[in-house]
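> This is what each chain is made of:
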Amino acid sequence: KAGVTQTPRYLIKTRGQQVTLSCSPISGHRSVSWYQQTPGQGLQFLFEYFSETQRNKGNFPGRFSGRQFSNSRSEMNVSTLELGDSALYLCASVELPLSNEQFFGPGTRLTVL
Amino acid sequence: AQSVTQLGSHVSVSEGALVLLRCNYSSSVPPYLFWYVQYPNQGLQLLLKYTSAATLVKGINGFEAEFKKSETSFHLTKPSAHMSDAAEYFCAVSEISNFGNEKLTFGTGTRLTIIP
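Chains as they are written, first to last, in our numbering: chain A, 1 to 113; chain B, 1 to 116.
In short, the hints are calculated from the structure, not lab data. C-beta: ideal position from N, C-alpha, C; glycine also. Since no wrong hints were added, every one of them can be taken at face value.
Below, computed lysine to aspartate or glutamate pairings styled on DMTMM-like, alpha-carbon distance capped at 20 Å: (1) LYS58(B) / ASP85(B); (2) LYS1(A) / GLU101(A); (3) LYS69(B) / GLU95(B); (4) LYS58(B) / GLU101(A); (5) LYS68(B) / GLU95(B); (6) LYS57(A) / GLU95(B).
Examples of chain A residues lying across from chain B (beta carbon under 8 Å, computed): (7) GLY42; (8) LEU43; (9) PHE45; (10) GLU48; (11) ASN56; (12) LEU90; (13) ASN100; (14) GLU101; (15) GLN102; (16) PHE104; (17) PRO106; (18) GLY107.
Extracted from the complex, chain B is given alone in its bound form (with noise of 0.2 Å):
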């Protein structure tokens, strides 16, 4: 089965300081990896998306993610963070049935907090 590990609960940076939210993934096979924002009371919107193309993936608001097979990890970036950044952060990575269909498994969540 495969899994999802974020390093840190809860994540605390300064408006305009750098945002790396960390997410390492066990899978026996090449796997998609995902990572969704979720505001309060709200469901969860797609960031950005590995699908086994280029490495460095872009997301929306600014975001991005590497892919490093070798470390087994997706960590998300942003080189300067908003105060419209707060929210909670989950990476997730797809498992494919047999039938093809996407099942996710995500992670604990990253709750970021911007400090003024």
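Chain A extracted, bound-state conformation (with noise of 0.2 Å):
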């Protein structure tokens, strides 16, 4: 099975400005979770989604928003960028319920000037 696919890997936008981010998760596997990685503050989860419905979500504030699609793929969107999103977005999915290990992506490198 092909793992997760994360696009683009490289991003560079200018403060205001909104991105999106695409997740494509492993066949089969319909959880979808986001993460943002800085050299600040870590590895922080921002949100989940099972089946098209986000079930959880980490302590991000609203410009932070995500979405996923029929087929599992996900998106997750910033609006308004600020530097401080400058990060490795990194996205894991799982085959719920039958696992609970989380297979990450390469993660997409936003930097914000």
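Put the two chains together into one complex; each comes in its own frame, and the hints tell you how they fit.
Written as structure tokens, this is what we have:
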């Protein structure tokens, strides 16, 4: 099976812009989670989707949003970008309920100038 | 809320020496515990996981970890370090929500350097 894929791999934006990141889970995995990784805050949970429904959300402002499509692909959106949003955004998929192992994609490196 | 503490943000060992990366967790219920490795410019790869079966868990690349409830620890070890082990290692605990999904809470990571 192909692994988790994330597009784009690298992205440069300026403050105030918005950005959309995409994640395709492993075939058959219906749960997708997003994490933000920064040198200062480490790895932090953003949100999780299962069957097109957001079931859990981390402690991030409303500028961070996401959605999941019927084919389990997920997107996350960040509006009104700030310098502090520069990070590696990781997506992970899980074959719930059969397993609790999260498989991570390579991430999207977002730089906000 | 669950939490994870990794002691030592940087660890250096000589090639061939024992690798020991420390992880302590805080949880009010029996946890699921994980160790992930991250190589530069890559995502996270699962090394091993504890899910309340055997307390000594063997993972990939010769790594293993022992769950010690009395010490709330889940330290990662490898008997003999290899140059290819140089990477960042993250300990994580899973938090099961009312919906049964798994939200991972990560430690701050330990960067492992191997000295030739």
